[in-house]
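> Now for the letters of each chain:
2 protein chains.
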Amino acid sequence: MPITTVGLDADDTLWHNETIFRLTQARFLDLLSAHADTATTEARLAEVERRNLRLYGYGIKGFTLSMIETAMELCDGEAPAPVVREILAAGREMIAHPVETLPGVDETVAALAERHRLVLITKGDLLDQERKLAASGLGELFAAVEIVSEKDRGTYDRVFARHGTGADEAVMVGNSMKSDVLPALEAGAFAVHIPYHITWAHELADAPDGHARYGTLDTIAALPAWIAERA
Amino acid sequence: MPITTVGLDADDTLWHNETIFRLTQARFLDLLSAHADTATTEARLAEVERRNLRLYGYGIKGFTLSMIETAMELCDGEAPAPVVREILAAGREMIAHPVETLPGVDETVAALAERHRLVLITKGDLLDQERKLAASGLGELFAAVEIVSEKDRGTYDRVFARHGTGADEAVMVGNSMKSDVLPALEAGAFAVHIPYHITWAHELADAPDGHARYGTLDTIAALPAWIAERA
Numbered sequence: 001m002p003i004t005t006v007g008l009d010a011d012d013t014l015w016h017n018e019t020i021f022r023l024t025q026a027r028f029l030d031l032l033s034a035h036a037d038t039a040t041t042e043a044r045l046a047e048v049e050r051r052n053l054r055l056y057g058y059g060i061k062g063f064t065l066s067m068i069e070t071a072m073e074l075c076d077g078e079a080p081a082p083v084v085r086e087i088l089a090a091g092r093e094m095i096a097h098p099v100e101t102l103p104g105v106d107e108t109v110a111a112l113a114e115r116h117r118l119v120l121i122t123k124g125d126l127l128d129q130e131r132k133l134a135a136s137g138l139g140e141l142f143a144a145v146e147i148v149s150e151k152d153r154g155t156y157d158r159v160f161a162r163h164g165t166g167a168d169e170a171v172m173v174g175n176s177m178k179s180d181v182l183p184a185l186e187a188g189a190f191a192v193h194i195p196y197h198i199t200w201a202h203e204l205a206d207a208p209d210g211h212a213r214y215g216t217l218d219t220i221a222a223l224p225a226w227i228a229e230r231a
Numbered sequence: 232m233p234i235t236t237v238g239l240d241a242d243d244t245l246w247h248n249e250t251i252f253r254l255t256q257a258r259f260l261d262l263l264s265a266h267a268d269t270a271t272t273e274a275r276l277a278e279v280e281r282r283n284l285r286l287y288g289y290g291i292k293g294f295t296l297s298m299i300e301t302a303m304e305l306c307d308g309e310a311p312a313p314v315v316r317e318i319l320a321a322g323r324e325m326i327a328h329p330v331e332t333l334p335g336v337d338e339t340v341a342a343l344a345e346r347h348r349l350v351l352i353t354k355g356d357l358l359d360q361e362r363k364l365a366a367s368g369l370g371e372l373f374a375a376v377e378i379v380s381e382k383d384r385g386t387y388d389r390v391f392a393r394h395g396t397g398a399d400e401a402v403m404v405g406n407s408m409k410s411d412v413l414p415a416l417e418a419g420a421f422a423v424h425i426p427y428h429i430t431w432a433h434e435l436a437d438a439p440d441g442h443a444r445y446g447t448l449d450t451i452a453a454l455p456a457w458i459a460e461r462a
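Top to bottom, those sequences are chains A and B. Heads up, the first sequence is in my numbering, so the first residue is 1 and it goes up one at a time. Heads up, the second sequence is in my numbering, so the first residue is 232 and it goes up one at a time.
Extracted from the complex, chain A is given alone in its bound form (with noise of 0.2 Å):
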């Protein structure tokens, strides 16, 4: 069987992401700790984005809205002017941070696009990924660019149908079991899990057992030789 197309998640797979995550929310703690400790304002922020991912969807700008609600809330209502002013001003710093690719995947993604239809299939806010993209050096290695509200079944088989020959000839690659790897398997594509070091909770699944297309890997610099002995 053919792979004539290669699908890669961009957040924690191509670059680091979830670190940035993490690194505004330690800060958004800090901000907090004279209205209620770590593990409170924790817990409340994870629910206020679980209920408000409905509506804003992945991203910076969804995060940004959901660290104000979560002060006000701990806060009775009354989220001091300066607690709100940093958390913008953290949400903004973070769409301006620079793209750091991770090891192995500018060499990775540059071999494998001599042999195969590259595809960006990511979630999150438009223009913040494509600016990443852009900023990453990467972006003419793809012959496609797929941001997405819902990775499901169906966003594979339409991509990989759109992009390439289809999701049986097709390979997932990411970070997420949940988004990336469960949901393509189910389309009929091969799925390669390379797991980032730490994973947002809303991401978690269990791995698949024994699938006979699925693969984990530690690195991207071992996906071309992963490939190449389904061929």
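Everything labelled a hint here was simulated from the structure, so no lab data went into it. Be a bit skeptical, because a hint or two may be false.
[As the list claims (entries may be wrong)] Simulated pairs of lysine to any residue, SDA-like, Cα-Cα distance not exceeding 25 Å:
1. K178/A / P103/A
2. K409/B / E381/B
3. K178/A / E203/A
4. K409/B / E203/A
5. K178/A / T19/A
6. K409/B / W431/B
7. K409/B / E434/B
8. K409/B / R285/B
9. K178/A / E361/B
10. K409/B / A432/B
11. K409/B / P103/A
12. K178/A / R362/B
[Unchecked claim] To list a few chain B residues with every Cβ distance to chain A over 12 Å, as calculated:
13. H247
14. L254
15. Q256
16. T269
17. E338
18. A341
19. R348
20. D356
21. E371
22. T396
23. H433
24. R461
Here a beta-carbon is modelled for each residue, glycine too, at the ideal position from N, C-alpha and C.
Starting from the known structure of chain A, fit chain B onto it as the hints suggest.
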């Protein structure tokens, strides 16, 4: 010259949008009336929005963040918490606002879909635009949906090549001279301007002067006849 493909803008072309922004803005002006006069607040909000466009792109989440930032600036960094809470609530209500299609849209889009490939081409928040399309009941009539961060000549080149038979055989239809009409004409497409009764200041531009492929219509109901005349 056959017109195989019809690109349709969404906000203020298929359904009301700017009206909802203006209502929220009126609420915002009112909210800040104790701190600044209407003209000052309005001017400052426009300035903050323009400054943030590069960071936030188009859409409700960025607008909400810009309102909070404007409130902070107008209150010397000390916007009262109730003002911030009201802005957050206003943003959430905008997202949850029911979609109301413009007069003639439902019938006309259905009629166009029988003869042409329809492509929705819009800016804004990804999740928000997908939700509006689903709520409008028009989703099934579109062969493709392209939510883009910018509408320039390259956007139309790419979208009409991917989903149609090239810009040469496509028409772009929308309420924005700057985003829908001028760059589509540059790409070699036909373009039809259907003005909405209010236009966001950032979308204003002059009409093209006597361009053979340009038309302006009072209502979308006149679009099928306009296209038929060009066939």
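> Taking the hints in turn, state whether each one holds.
Against the structure, the hints come out as follows:
1. Note on K178/A and P103/A: the hinted pairing holds, with a Cα-Cα distance of about 23 Å set against a maximum of 25 Å.
2. A C-alpha spacing of about 11 Å is found between K409/B and E381/B, which places the hinted pair at or below 25 Å, so the restraint holds.
3. Restraint check for K178/A and E203/A: the C-alpha separation of about 6 Å stays at or below 25 Å, so the hint holds.
4. Only pairs whose Cα atoms come within 25 Å are accepted, and K409/B paired with E203/A is rejected, the gap being roughly 40 Å.
5. Of the supplied pair hints, the one linking K178/A and T19/A holds, its CA atoms being roughly 19 Å apart against a limit of 25 Å.
6. With a C-alpha separation of about 11 Å, the suggested pair K409/B and W431/B falls inside the 25 Å cut-off, and the hint holds.
7. Distance check on the hinted pair: K409/B and E434/B sit about 6 Å apart at the alpha-carbon level, within 25 Å; holds.
8. Proximity of K409/B to R285/B is assessed by CA-CA distance (about 17 Å); at most 25 Å being required, the pair is judged to hold.
9. About 22 Å separates the Cα atoms of K178/A and E361/B, which keeps this hinted pair within 25 Å; it holds.
10. Between K409/B and A432/B the alpha-carbon distance is near 11 Å, which keeps this suggested pair within the 25 Å criterion.
11. The suggested pairing of K409/B with P103/A is violated, with an alpha-carbon distance near 42 Å, which exceeds 25 Å.
12. For a cut-off of 25 Å, the pair hint linking K178/A to R362/B stands: about 22 Å separates their Cα positions.
13. Distance to chain A confirms H247/B as a non-interface residue, since its nearest Cβ pair spans about 19 Å, more than 12 Å.
14. With 12 Å as the threshold on Cβ separation, the claim that L254/B sits away from chain A holds: the shortest Cβ distance comes to roughly 18 Å.
15. With a cut of 12 Å on Cβ distances, Q256/B stays outside the contact zone with chain A, its closest approach being about 18 Å.
16. With a cut of 12 Å on Cβ distances, T269/B stays outside the contact zone with chain A, its closest approach being about 22 Å.
17. Against the 12 Å criterion, E338/B stays outside the reach of chain A, whose nearest CB is about 28 Å from its own CB.
18. The non-interface label for A341/B is consistent with chain A: the shortest C-beta to C-beta separation is roughly 23 Å, beyond 12 Å.
19. The Cβ of R348/B lies farther than 12 Å from every Cβ of chain A, with a closest approach of about 14 Å, so its non-interface assignment holds.
20. With a least CB separation of 7 Å from chain A, D356/B falls inside the 12 Å interface cut-off, contrary to its annotation.
21. Annotated as non-interface, E371/B keeps its C-beta farther than 12 Å from every C-beta of chain A; the closest such distance is 15 Å.
22. No Cβ of chain A comes within 12 Å of the Cβ of T396/B; the nearest lies about 17 Å off, and the non-interface call holds.
23. Residue placement check: H433/B keeps its beta carbon more than 12 Å from all beta carbons of chain A (closest about 15 Å).
24. Even its closest Cβ contact with chain A, about 29 Å, leaves R461/B beyond 12 Å, as expected for a residue assigned away from the interface.
Hints 4, 11, 20, counting from the list given before, are not met by this structure.
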